[in-house]
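Q: As given, the protein sequences belong to chains C and Y, one line each in that order.
My numbering numbers the first residue of the first sequence as 144 and each following residue consecutively.
My numbering numbers the first residue of the second sequence as 144 and each following residue consecutively.
Don't read these hints as lab results, they were simulated from the structure.
Each hint should be verified, as a subset may be incorrect.
For identical chains, the list gives no copy identity; a pair is met inside one copy or between any two copies.
[To be verified] Lysine to aspartate or glutamate pairs mimicking DMTMM-like chemistry, simulated, CA-CA at most 25 angstroms apart: (1) LYS383 with ASP206; (2) LYS310 with ASP386; (3) LYS310 with ASP171; (4) LYS389 with ASP236; (5) LYS389 with ASP171; (6) LYS189 with ASP150; (7) LYS310 with ASP384; (8) LYS389 with ASP432; (9) LYS389 with GLU178; (10) LYS242 with ASP384; (11) LYS310 with GLU178; (12) LYS383 with GLU178; (13) LYS242 with ASP274; (14) LYS242 with GLU165.
2 protein chains.
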Amino acid sequence: MNDDAFDPWARRALAEVESALERWVPADAPAGLGEAMRYGVLDGGKRVRPLLVLAACEAVDGDAAAALRAAVAVELIHAYSLVHDDMPCMDDDVLRRGKPTVHVRYGQAQAMLAGDAMQALAFEILTPDGDAVAPALQARLCGLLARAAGHAGMAGGQAIDLASTGKRLDEATLSDMHQRKTGALLQASVLMGAACGAVSAHDWRALAGYGAAIGLAFQVVDDILDSTQASETLGKTAGKDADAGKPTYVTVLGVDAARRRAHALRAQAHAALARSTLAQPARLALLADRIVDRES
Amino acid sequence: MNDDAFDPWARRALAEVESALERWVPADAPAGLGEAMRYGVLDGGKRVRPLLVLAACEAVDGDAAAALRAAVAVELIHAYSLVHDDMPCMDDDVLRRGKPTVHVRYGQAQAMLAGDAMQALAFEILTPDGDAVAPALQARLCGLLARAAGHAGMAGGQAIDLASTGKRLDEATLSDMHQRKTGALLQASVLMGAACGAVSAHDWRALAGYGAAIGLAFQVVDDILDSTQASETLGKTAGKDADAGKPTYVTVLGVDAARRRAHALRAQAHAALARSTLAQPARLALLADRIVDRES
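Turn these sequences into a full structure, and let the hints steer you where they fit.
A: Listed below in structure tokens is the structure:
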């Protein structure tokens, strides 16, 4: 598959995800809560995680309806973490995806509740009534997502991040932080997609390796872009982590070594796919390229 | 069953729940996150929701190991909501269960993360690896809990609560708010316990009716205690809602009518159990009495 085949696929996949978010994130939740939730997740973001879910599901020829639910659930967890992360007691950011952040628009209390309700909604979407998704798969997806979002994953990484402000970290500690904070959910996206099909233990390990590599690569590239691009390009305040005394791959390694690290991780991701017996790993391979080559 | 038989059961059940919380809420989550999570949920609270889960499971002769997980998960959702609710952008409370609140002790950022991680942990605990809990039951419990915690349940009720400050509400609107804010999770506790066994549609409806009645009764009694008891007895700041211009059952109905309402709801709960064909509804009946007769 070449890029020409990838882009129509990605466009179609993104349209499906947007339409599902539009349908499943409730406009009518009481007292403005639904509006704040929708503001926090609709019409924005690169949707990298949903694309990973759907590409992994296709790679294992899995259940597309279940994967769409997984894609939306993962994006809701990601979006809620941004809503909370932007609040004054955390990063105190006013701009996200080129728009005022949720707490700037709706107030801090509503932003906190919207984030909380978005996390719950992720698990609601994974557990539809009836037999739209096999119950054992519902349980598996809930388990993968909860572990990636929780203390051992994203929330744990954020706690390390909080504690690291103003400290010098070596690369190993920085990687540990980001493997949890960003990597866990990106890796879970791949594995949730894979769980929607039948996959051997060998391929599961290969996909876990792929997910770990692109998970870290994503953050390395984020740090590079944050130090080299303008806020307008990124749609969020650039250079904020470094300015706040937070260690980044660029402050720890320098920008050239950080670029080399990103390319090495891309190679690791490709090698993991090459080890697998997956029939259709091409979209996952292209997604690794997109993650490393992106410019915003 | 009389009170003498109930108390040893409740003591044993509570000890089991405390020990499970102690085991499952991780002390070693990174950068102090585990400590903040444990502070937010261990050694405190009346554990009404876990008792409801376990009593409902016994009433249907259900899977006790699954019910223990459900009991802990429900309590984690309740505890996380208190951690977030106490924060300065919400109720700004400094005292909870007789101790400084989590944000006072660990800072606002850590309190927000701890609450977020506690919500995720609830779903981790419901989805153990292996076959400790049947996968279909895992999915059912996740679905019930997510819906009770989310926009249509607890988080939605909190949004109505936020919007209601300084407003006059009629009893119907006040009931709607509390059915979501407090009632949904109390009712879900009963239904999650019942889901751990085989239960007919008739008995499910009876248990849902029981859960709705005690869910609302709990809040009516909370409002009465808040207006009549001292902070020391309650372990939290008394009279705060009324002082903040938030409508309560006491400000809307007056204390005598609120008491009559609580007793009517207890009678509804008992009637729902009497309609059921449950073999052992006695502990649920006694829990309804305890909820209405409690003094803190």
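Q: Could you tell me which of the numbered hints above are not met by this structure, giving the numbers in increasing order?
A: 1, 8, 12 and 13
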